[in-house]
Amino acid sequence: MELASKKSTNTSKTKVHSFWKTAKNQKILYLMSLPFVAWVFVFNYLPVWGWTMAFQNFRPGNAIWEQEWVGFEHFIALFQDERFFLALRNTLAMSFLGLLFGFTIPIIFAILLNEVRHSIFKRVTQTVTYLPHFVSWVVVAGIVTKMLSTDGGIVNDLLMGIGIIDEPFQFMAQEKWFWGIVTVSDIWKEMGWNAIIFLAAIAGLDPQLYEAAKVDGAGRFRQIWHITLPGIRPTILVVLILNIGHLIQIGFEKQMLLGNPLVVDYAEVLELYALNYGIGLGQFSYGTAIGIFNSVVSIFLLFLANGIFKKYSNQSVM
Amino acid sequence: MAKKSLNQLSYKDYLFDIINYSFLIVVIIVTLYPFLNVLAISLNDSTDTIRGGIYLWPREFTFNNYMEIMKYDNLVTGFFNSVLRTVIGTVLGVFIQAMVAFTLSRTDFQGRRFVSTAIVLTMYFSGGLIPGYMLIRDLGLINSFWVYILPGLVSAFNIIIIRSFMDSLPFSLQESAKMDGASDFTIFYRIILPLCKPVLATIALFVAVGQWNQWFDTYLYNSMNENLTTLQYELMKILENTTMGGSQDANLMRPNEGEQANMVSPQSIKMAITMVTVIPIILVYPFVQRYFIQGMTLGAVKQ
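So the sequence lines, in the order shown, correspond to chains A and B. Here the first sequence is numbered in UniProt numbering, starting from 1 and rising by one per residue. Here the second sequence is numbered in UniProt numbering, starting from 1 and rising by one per residue.
Isolated chain A, as found in the complex (with noise of 0.2 Å):
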């Protein structure tokens, strides 16, 4: 008994030394990424810490001691604000529609080209529809602003040619219009680029299956319904979780962007109105406390989305 106590702390003791002496041995690897943990200790982990001040009347420059606390009173008077409301009605429509057709539109665009049998037209679409993915939002923003403008956009000269209008109609300017053109606008840039990692997993499938189901009859239809569809079902999965964990990241460039004050009650989501109130007026604790809540949306729609996905799939994301 004694004999094996003594025993075990030596084992620790060598343990313990055996530790310094391969971090002694290891000191370079270790001047090569701690640095960088410290660094993202500062600027990922210290931010957190930041959330104290949706409790506190922050006063920049007073130290923490110095702080009126005040509890939950910002998220009650958050509560109280109809713009919150408007705000959050924004960002849970706007992610829902990005989710359903910025996840879908992909696959049918890529289960799309992957019928086309001449490469050469093959390669020239790919190349074209990943270009605007490259594209900053401002300039996507003017690039759709100029497309619908009233004078001399496209949209309103195609529209007008055919007869389905008879003068310019102002796009930009109706509330109801505003969430369809963000979400039209983020699949003219990312539909392209969401669709490799489809394109890729169809690549892989094996060509046997669809010369088994020629044979059988089957038509393109058909061979796309048994065999595309399902052969792809795992990359489908993990891009449906990869997206649903982006729920996280509503954004609010794009809303941004392509906001103006005459759709601001349909543009504004709750990451604006933090910005707005936090920083454009100066009130750093209100705007934290929106920032808090919009993370708690995001995990709620996080664990939401999971629910559904699970029930259908039996698979979990989390």
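Rather than coming from a laboratory, the hints here were simulated on the basis of the structure. Predicted, not measured: the structure shown is a model, and the values here were computed from it. Note that the Cβ used here is the ideal one computed from N, Cα and C, for glycine as well. There's no promise every hint is true.
As the list claims (entries may be wrong) - Derived pair list, reagent style DSS-like, types lysine-lysine, alpha-carbon separation capped at 25 Å: (1) 122/A - 27/A; (2) 122/A - 12/B; (3) 178/B - 214/A; (4) 178/B - 197/B; (5) 178/B - 27/A; (6) 24/A - 178/B; (7) 237/B - 71/B; (8) 27/A - 15/A; (9) 21/A - 178/B.
What the hints assert, rightly or not - Here are the computed distance ranges between Cβ atoms for each label pair: (10) 152/B - 296/A: 39 to 49 Å; (11) 144/B - 61/A: 14 to 24 Å; (12) 23/B - 296/A: 35 to 45 Å; (13) 22/B - 265/A: 32 to 42 Å.
We have chain A already, so just place chain B on it with the hints.
For chain B alone, coordinates are given in the frame of chain A:
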């Protein structure tokens, strides 16, 4: 095989092909037309553009709009800052991310779990807009060029992609170098880094495009300092001023002192600046295309 199946095409298959090709051609047109339209307007005489009807080709060809935007100090400064942040941010970022990825690919590294967890966790949460802003403020990075470089330098996503590539390299390469007395850093720098060229090219492209396209940090942190402006931010300001498409605000930009303010409509200016921000991307695009498809596939599979 392809020929045989072509011969077997039924009328339904023909119909499918016709609809499919037409659809994809529409997609190509919808994607390309806006760029061509912007290019045409930027190369068309500004007064003539107001008459409308410029679609794919300039009616009165001129480089005037481009000459005009070069007269604006902010745009020139912005251009140089954008180039600078892209170059510095990419070189520094890719090197650091590769270095961290290297330590994580070393299964014998005892700090691996800790480093890996600390970095990967950053992908799943963020302090949010306001706390992030306060941090940058407290660090004294407001009104500084380094706010463009430092905050995003250690990207968890990129590190994971590079690391999964390094994992596929045989470990024996490192062992023999170790026998010869090479240090871990030498192994990384001389042996691993050169072998990682394909994945590093992909990451470099992602980082560079991200840097070039970024405008929000300028807006948030450096909008008071004209010397630190970036091209995207200048473009954003101009677009914001004319979001309503129809407005023709002539006093949009103040030309330099001593320069004659030519009557160039904001629309033509906007289009010319848009082209200046897009052209560098279009120029490098064909050369890097094969890399990013590799990287994209690799990254998604490894997730």
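Results for each hint:
no.	hint	verdict
1	122/A - 27/A	violated, 51 Å
2	122/A - 12/B	holds, 21 Å
3	178/B - 214/A	violated, 56 Å
4	178/B - 197/B	holds, 22 Å
5	178/B - 27/A	holds, 15 Å
6	24/A - 178/B	holds, 16 Å
7	237/B - 71/B	holds, 17 Å
8	27/A - 15/A	holds, 18 Å
9	21/A - 178/B	holds, 18 Å
10	152/B - 296/A: 39 to 49 Å	violated, 25 Å
11	144/B - 61/A: 14 to 24 Å	holds, 20 Å
12	23/B - 296/A: 35 to 45 Å	holds, 41 Å
13	22/B - 265/A: 32 to 42 Å	holds, 39 Å
Taken one by one, the earlier hints fail for this structure at numbers 1, 3, 10, listed in ascending order.
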